[in-house]
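Asks: For the record, the sequence lines run as chains A and B. Sequential numbering of the first sequence, starting at 13, is according to the working numbering. Sequential numbering of the second sequence, starting at 106, is according to the working numbering.
Mixed in with the good hints there might be a few duds.
[Said to hold, decoys possible] Mimicking EDC-like on lysine to aspartate or glutamate, the simulated pairs with C-alpha atoms at most 16 Å apart in a straight line are: (1) B:K152 - B:E125; (2) A:K58 - B:E231; (3) B:K141 - B:E125; (4) B:K310 - B:D281; (5) B:K152 - B:E311; (6) A:K58 - B:D223.
[What the hints assert, rightly or not] Incomplete in silico selection of chain A near chain B, CB under 8 Å: (7) S90; (8) G91; (9) R95; (10) V140; (11) E143; (12) E144; (13) D146; (14) A150; (15) A152; (16) L153.
No wet-lab data here; the hints were simulated from the structure. Positions of the beta carbon are idealized from the N, C-alpha and C atoms, including for glycine.
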Amino acid sequence: MSLVASVGRATIRQVEYVGLLAIQFWHGLRLSLRVNPFAGRRLRWKRALEQMAEIGVRSLPVLCVVSGATGMIMALQSGAELRKFGAMDAIINLVGTSMTRELGPLIAAIVVIGRSGSAISAEVATMVVTEEVDALRAMALDPLDFVLVPKYLAMLVTMPCVTVMGVFSGILAGGVFAHFTLDITLLMYLQRTVEILLMRDILSGLVKALVFGSIIVHVGCLEGFLVTGGPEGVGRSTTSAVVKSIFLVILADLLCTAFFYFFWR
Amino acid sequence: MSEATQTAPEQRRPHETGGEPLISVRGLGVRYGDRKVLEDVDLDIYKGETMVILGPSGCGKSTLLRHLEGLAKPSVGTVHVSGTDIGTASNDELLRVRRLMGVSFQSAAMFNSMTVGDNVALPLREHTDLAESTILLMTKMKLQQVGLSGVEDLYPTQLSGGMRKRASLARALALDPEILFFDEPSAGLDPIIAAGIDELILRLKEAFRMTIIVVTHEMESAFRIADRMCMLDQGTVLAVGTSEEILTHTHPRIRQFVQRIPDRHDESAHSYITGF
Chain A
13 MSLVASVGRA
23 TIRQVEYVGL
33 LAIQFWHGLR
43 LSLRVNPFAG
53 RRLRWKRALE
63 QMAEIGVRSL
73 PVLCVVSGAT
83 GMIMALQSGA
93 ELRKFGAMDA
103 IINLVGTSMT
113 RELGPLIAAI
123 VVIGRSGSAI
133 SAEVATMVVT
143 EEVDALRAMA
153 LDPLDFVLVP
163 KYLAMLVTMP
173 CVTVMGVFSG
183 ILAGGVFAHF
193 TLDITLLMYL
203 QRTVEILLMR
213 DILSGLVKAL
223 VFGSIIVHVG
233 CLEGFLVTGG
243 PEGVGRSTTS
253 AVVKSIFLVI
263 LADLLCTAFF
273 YFFWR
Chain B
106 MSEATQTAPE
116 QRRPHETGGE
126 PLISVRGLGV
136 RYGDRKVLED
146 VDLDIYKGET
156 MVILGPSGCG
166 KSTLLRHLEG
176 LAKPSVGTVH
186 VSGTDIGTAS
196 NDELLRVRRL
206 MGVSFQSAAM
216 FNSMTVGDNV
226 ALPLREHTDL
236 AESTILLMTK
246 MKLQQVGLSG
256 VEDLYPTQLS
266 GGMRKRASLA
276 RALALDPEIL
286 FFDEPSAGLD
296 PIIAAGIDEL
306 ILRLKEAFRM
316 TIIVVTHEME
326 SAFRIADRMC
336 MLDQGTVLAV
346 GTSEEILTHT
356 HPRIRQFVQR
366 IPDRHDESAH
376 SYITGF
């Protein structure tokens, strides 16, 4: 009985969490759409720009190195097998499509979770612990509007950008490998990649980037808002934001990929 | 304590004029799990008076304050602020009520990512259409009002505790609120600065006729600033009355609090000290 009860309790907790996430997502989206860059509300855009620099620009070095390394690994691993069949130039297809459709967005998401997802939840949780969120509410300001919206706007703009950069460095690293094993120039490699890639591949990668970005911001903020206890709670909420974000991003990746496989051929 | 009793009584105190209370609490009860935090609290606060909510640590003062500020909705009982029922109010009504209020938090709650000037200007920028030059001027004035000048460009972490508290008061005053809430104004401050904050509260009361609600456990400060006091203990209201009434009250727990007598037969305290 106690096993059933504890499983039930855990299930209710998870369902409750998903519900909270959905409510926050809905409100966040509504508030974000209300922000008009051409009228008033300068503060939101100023903060959004700061966030863009933080989420986007500053994560580029790490992201490019990690994506580049992954592109190289892909080329090496597939090269080892493809060599047996004498189909080495299939490396170009393999690296190009898998980076654009799958690995580029996923790696960008994981790097951004590590850098920004954790930072977002730590920042929001600290704001809750130090009564700053209460102060916002007491000033008749909506914490979601003030805290989440700038981050969300920033994420929606920067996540596709950093994903594109990550994909590019992955493909480029694959090209370096191809250059030495296939006797083709880097330019030829890039031309072949452009020929192979369909608009569908690129768009599905960018859609994933937007979905992953939304998950990272919303999970980070929600974990921050749900912080309990004092300063030690901040650490807990950061850890849980990272774990839940990675879990949900990979789950969402599966759903997106399945969707594209069945409905967008 | 004798000094405190000499504060000159006003001719006619706000609660004696017989008007409608600005804030009215009826039968308020709050539970966290099995723990009762507040039980059956009744309290009226009238326009223009300074109400001090007193009580030992953990008696529910801060929880009561959160309900008065409209930051928490009552599950049992009602809280009316300026005619609006907080429990059933729509979001827009809540926003209207909150714009009547200024809140100075126990931890000052300044936004650390903004300068002090931006902190104070925030409510003005968000809620008014004033020109930037006017906002800067008003920010300067509000900071001067609390005895801080030339700190606009500093970050809150660069200020001392007392300065931060005063800066948070300046922010609370930014929209000229009708009701000012003060959570533990002197917590963590040295007696000289704490006395300065008491002076500041008295000046605000004189100059703007604000309704001021202060939560504290500092008796001296309470007797200096209060028109009336509300004594809380273990989640219930023991007494509401003027400073003199509280000073001469016969309830043993109030006598104990006023005369600073420790709990004598509290076994838990004893075991805590001896380690058993």
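Asks: Among the hints numbered above, which are violated by the structure, and what are their numbers in rising order?
Replies: Violated hints (numbers, rising): 3, 7, 8, 9, 10; every other hint is consistent with the structure.
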